[in-house]
Amino acid sequence: MQPTETFFSGFSPNDLWFLGEAALRTLWISLLAISCGSLMGIIFGWMLSVSRVGGFILAPLLDIFRSVPLIIQLVLFYNFAPMIGLRLDAFGAGLIVLIFYTSANVAYVARGGIEAVGQSMRRAARSLGMTYWQDMRYVVWPIGLRAVFPAWVGVALGVMKDSALVSVLGYIELLKASQILITRTQETILILAIAGAFYFALSYPISLFASRLEERWNQ
Amino acid sequence: MIEIRGLHKSFGDLQVLKGIDLNVENGEVLSVIGASGSGKSTLLYCINGLEPIQQGRILVDDVDVHAGETDLNTVRQNLGMVFQQWNSFPHLTVLENVALAPKIVRKFSKADALEIAEKQLRHVGLGDKLSNYPSALSGGQQQRLAIARALAMEPNYMLFDEATSALDPELVGEVLDTMRLLAEEGMTMICVTHEMGFAREVSDRVAFFHQGVIDEINPPEEFFTAPKSEHLQKFLAKVK
Amino acid sequence: MFKALPELLQAALLTLEVAALSMILGVLIGLGLSLIRIHMKGPLMWLATAWVELARNTPALLQLFFFGFGLGAFGIHFSPYLIVLMGLSFNNAGYLAENFRGGFGAVPDTQIRAARSLGMTAFQTYTRIIIPQVLRIVYYPMTNQMVWAVLMSSLGMLVGFRELSGETQFFASRTFRIFEYFAVTAVIYYIIVKIILGISRLLAMRLFRY
Numbered sequence: 001m002q003p004t005e006t007f008f009s010g011f012s013p014n015d016l017w018f019l020g021e022a023a024l025r026t027l028w029i030s031l032l033a034i035s036c037g038s039l040m041g042i043i044f045g046w047m048l049s050v051s052r053v054g055g056f057i058l059a060p061l062l063d064i065f066r067s068v069p070l071i072i073q074l075v076l077f078y079n080f081a082p083m084i085g086l087r088l089d090a091f092g093a094g095l096i097v098l099i100f101y102t103s104a105n106v107a108y109v110a111r112g113g114i115e116a117v118g119q120s121m122r123r124a125a126r127s128l129g130m131t132y133w134q135d136m137r138y139v140v141w142p143i144g145l146r147a148v149f150p151a152w153v154g155v156a157l158g159v160m161k162d163s164a165l166v167s168v169l170g171y172i173e174l175l176k177a178s179q180i181l182i183t184r185t186q187e188t189i190l191i192l193a194i195a196g197a198f199y200f201a202l203s204y205p206i207s208l209f210a211s212r213l214e215e216r217w218n219q
Numbered sequence: 001m002i003e004i005r006g007l008h009k010s011f012g013d014l015q016v017l018k019g020i021d022l023n024v025e026n027g028e029v030l031s032v033i034g035a036s037g038s039g040k041s042t043l044l045y046c047i048n049g050l051e052p053i054q055q056g057r058i059l060v061d062d063v064d065v066h067a068g069e070t071d072l073n074t075v076r077q078n079l080g081m082v083f084q085q086w087n088s089f090p091h092l093t094v095l096e097n098v099a100l101a102p103k104i105v106r107k108f109s110k111a112d113a114l115e116i117a118e119k120q121l122r123h124v125g126l127g128d129k130l131s132n133y134p135s136a137l138s139g140g141q142q143q144r145l146a147i148a149r150a151l152a153m154e155p156n157y158m159l160f161d162e163a164t165s166a167l168d169p170e171l172v173g174e175v176l177d178t179m180r181l182l183a184e185e186g187m188t189m190i191c192v193t194h195e196m197g198f199a200r201e202v203s204d205r206v207a208f209f210h211q212g213v214i215d216e217i218n219p220p221e222e223f224f225t226a227p228k229s230e231h232l233q234k235f236l237a238k239v240k
Numbered sequence: 001m002f003k004a005l006p007e008l009l010q011a012a013l014l015t016l017e018v019a020a021l022s023m024i025l026g027v028l029i030g031l032g033l034s035l036i037r038i039h040m041k042g043p044l045m046w047l048a049t050a051w052v053e054l055a056r057n058t059p060a061l062l063q064l065f066f067f068g069f070g071l072g073a074f075g076i077h078f079s080p081y082l083i084v085l086m087g088l089s090f091n092n093a094g095y096l097a098e099n100f101r102g103g104f105g106a107v108p109d110t111q112i113r114a115a116r117s118l119g120m121t122a123f124q125t126y127t128r129i130i131i132p133q134v135l136r137i138v139y140y141p142m143t144n145q146m147v148w149a150v151l152m153s154s155l156g157m158l159v160g161f162r163e164l165s166g167e168t169q170f171f172a173s174r175t176f177r178i179f180e181y182f183a184v185t186a187v188i189y190y191i192i193v194k195i196i197l198g199i200s201r202l203l204a205m206r207l208f209r210y
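One line per chain: the protein sequences are A, B and C, in this order.
Going letter by letter, the first sequence gives residues 1 to 219 in our numbering.
Going letter by letter, the second sequence gives residues 1 to 240 in our numbering.
Going letter by letter, the third sequence gives residues 1 to 210 in our numbering.
Pulled out of the complex, with its shape left as it was, chain A reads as follows:
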C-alpha cells in the first residue's frame, strides 16, 4: 500500500485498464451517434434533394449544427434540457447533440450521393417501369453509396474524434480519463501518447480501408 502523503503515483497496469474502459466508452457513444445520426441524416439528405421548399426550411436548421462549435452545442443543450423538463446526464445530453451533429453532416453527404447518380440514369430506371421507390432502392442507393462512401467515413471518423468533447460535460471518455490520470501520475507524454495511439489505431485503418474500397468500386 502506498503512503497517503503521496499525491502523485506512477502509471500502473490498473491505469491501462482504466484507459481501456474509457476507450470503450468513446467507442460506444461514437457508434450510437454515428448509426442514429446517419439514419436521420439520410432522411434529411433525401428531403434536401427532393424539395426546394423543404430544403429552404431544413438547410438553415441543419446549418446550426455545422456552424456552432460542438463544445458550445454541448454546454447549451446540457443546460437547456432541464428547462424543458428533460433530465439528462452527460452521456444522454452528449449523445443527443452528437446525433444531431452527425445527421446534419450526413445530410449533405447523402444529398451529394443522390445528386451524383444523375437524372439520366434515373430516367433510364423509370422508363423501365420502376416506381420512384424502386428507383431509389435499386439504382440511387447502390450508386450513390459508392459515390459518397469515403465522405461518409470521413464524417463518421470526425464524430469519433469529436466525441472527446463530451468530456466537458463530465462524461468520462478516453480524453477525460487521460486528463485524470495525468493529474495523478504526471506522466503527461506517456498518457497522451497512449490516448493518441488509440484514436489513431481506430481512425487510420478505417480511412485506409475506405479508400481501398473506393478504388475497388471505381474500376
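The hints are simulated quantities; they were obtained by calculation from the structure and are not laboratory data.
All C-beta atoms in this analysis are idealised placements derived from N, C-alpha and C, irrespective of residue type, glycine included.
Worth double-checking, as some hints may not be accurate.
Label-pair distances were calculated between CB atoms; the ranges are [to be verified]: (1) 20/A x 73/B: 43 to 49 Å; (2) 105/C x 11/B: 38 to 44 Å; (3) 169/B x 195/C: 19 to 25 Å; (4) 52/B x 204/C: 33 to 39 Å; (5) 205/A x 76/C: 46 to 52 Å; (6) 59/A x 105/C: 29 to 35 Å.
To spell it out: a stretch of chain A is covered by chain C in this simulated footprint if at least three of its residues, at any positions, have a beta carbon under 8 Å from a beta carbon of chain C; those stretches are [said to hold, decoys possible]: (7) 69-78; (8) 156-164; (9) 194-208.
Given chain A, put chains B and C in place with the hints provided.
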C-alpha cells in the same frame, strides 16, 4: 398503336412542341429527324411520361398516358426506351442489369428473370459477356446492353433517342445492326436519329421536325428524293 | 447580460485572429508538406506523412493538450494564445496538405507537358498554370477548413484562452447564467460562419470567372 393528338409541350416559357398529330401503327418503324432543339427527344419523353404535357393527348394502346388515373409505371412497361447515354447500372453485371426490371417490376421469379435476360442478351449479341460489368464493355456494347434491358420487359414499342449519337464512329454500326434486326422482327419503333442511311433503309416513314412541329412526313423514298417542304430541302442539303 | 456584449465581440475578434493566423500558417506548412510528399522520398517524406496522418487521425483537443500539457511536462510553457495557435496550425497543416495533394493530383500531367513545350520554365509552369488550377480545386475545402478553424478555436476555452468561448465561459461561470451566455455566443458563431461563407462565395465569383 400510338396516337398523338394536338400535343403541346413547354419548358417554362419556352414552347418546344407546338401541336403534334401523329399515329404510329403496330409494326411500323418511324424515324424522326431534324435539327437540335426542334423537339424530337422531347416528343419521346412525352410519350412515356417522363415529361408532363400542357395540351393534347397521347394514347398508347388506348391508354391515355397523361390522364390523372393512369399508372405511368404500368404504361412504361410497354414502352422500351433507349437513351443517347446508355445509362447502364454500373454496380450490376450485364446479366443483372437486364434481369433487374423483369424481376422487380414485372415480378418474375429470379430464375425466369435471368432466363429472359439471357435470351435478350444473346438476341443482341452479348451472350458471352453475361458476367462482365458494364465498365468492361465498349460504348457500342453498353448501348446494346441498354437495348436488351429494354427488350427484356417485352414492350410492344421501342423508343430510340439518338441511340448512336454518343458513340465512336466504328461502334455505331453494331448498334444500328441491332436496331435493323428488331425492325425486321416486326417491332414497332420510333427512332430519333441523325443516321440518314438508317432512316432511309429501315424506316416505313420518316418525319421531319422543324421548330416544334412535324413539317413533313413520308415514306423514305419520297422523303429523301422529293422533299416538298423548303425547310426539309435546306436541312437535307446541309447533311449531305 | 448585454453589457457583456462588447467584451464578447472583442473576444470574437480574437477568435478570428487566431483562426486566420492558423490558416495562413496551415496553408504555408501544408503546401510544403504536400509538395514534400509528392516529390521527395526518404525520411523527410515519412516525417511529412507522419505529420499529416497524426493531425488527421487524432482529436484536435488531444493535439491542443500536447502543445499545452505535453510540452509543459518538458518545462516549455506557452501562453494559451500560442497553444491554440500552434495546435490549430498543426491540425490545419495536416488537413490542408491532404487537400493540396489531391488538388495537385487532379491537374493532368498533360498540362505540364503543354506548358513546357511552349517553352515555359518549371517555375512559370507551376505558378501560372498548375497552381491556379489547384487553387480552384482546393478552394472549397480551404473555405471549409477556415470555418473549421473558427469552430475549433472554441477549444481554447479548455486551455485557458479567452477567445469567444473562453470569454463566454468566464462570464457564465461568474453569473451562473450559463444558458443565456452560451446561447448568445452560439448566435455569434453562426453569424461569423455565415459571413465567412458569404465572403468566400463572393471571392470565388471574382477569382474563378473561367
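Against the structure, the hints:
1. Remark: the range hint 43 to 49 Å for residue 20/A to residue 73/B is contradicted by a beta-carbon distance near 55 Å.
2. In this structure the supplied range 38 to 44 Å holds for residue 105/C paired with residue 11/B, their Cβ-Cβ distance being about 39 Å.
3. Under the hint 19 to 25 Å, the C-beta atoms of residue 169/B and residue 195/C, about 54 Å apart, miss the expected range.
4. For residue 52/B and residue 204/C, the hinted distance range of 33 to 39 Å is satisfied, since their beta carbons lie about 36 Å from each other.
5. Between residue 205/A and residue 76/C the beta carbon distance is about 33 Å. The supplied range of 46 to 52 Å is therefore violated.
6. Judged by the Cβ atoms, the range 29 to 35 Å given for residue 59/A and residue 105/C holds: they are separated by roughly 31 Å.
7. Chain C is given as covering the stretch 69-78 of chain A, and this holds because 7 residues of the stretch bring a CB closer than 8 Å to a CB of that chain, at least three being needed.
8. Here the stretch 156-164 of chain A counts 4 residues with a CB under 8 Å from a CB of chain C, which clears the bar of 3, and the coverage holds.
9. Residue count for the stretch 194-208 of chain A with a Cβ under 8 Å from a Cβ of chain C: 7. That meets the three needed, and the coverage hint holds.
Violated hints, listed in ascending order, are 1, 3, 5; each of the other numbered hints is respected by the structure.
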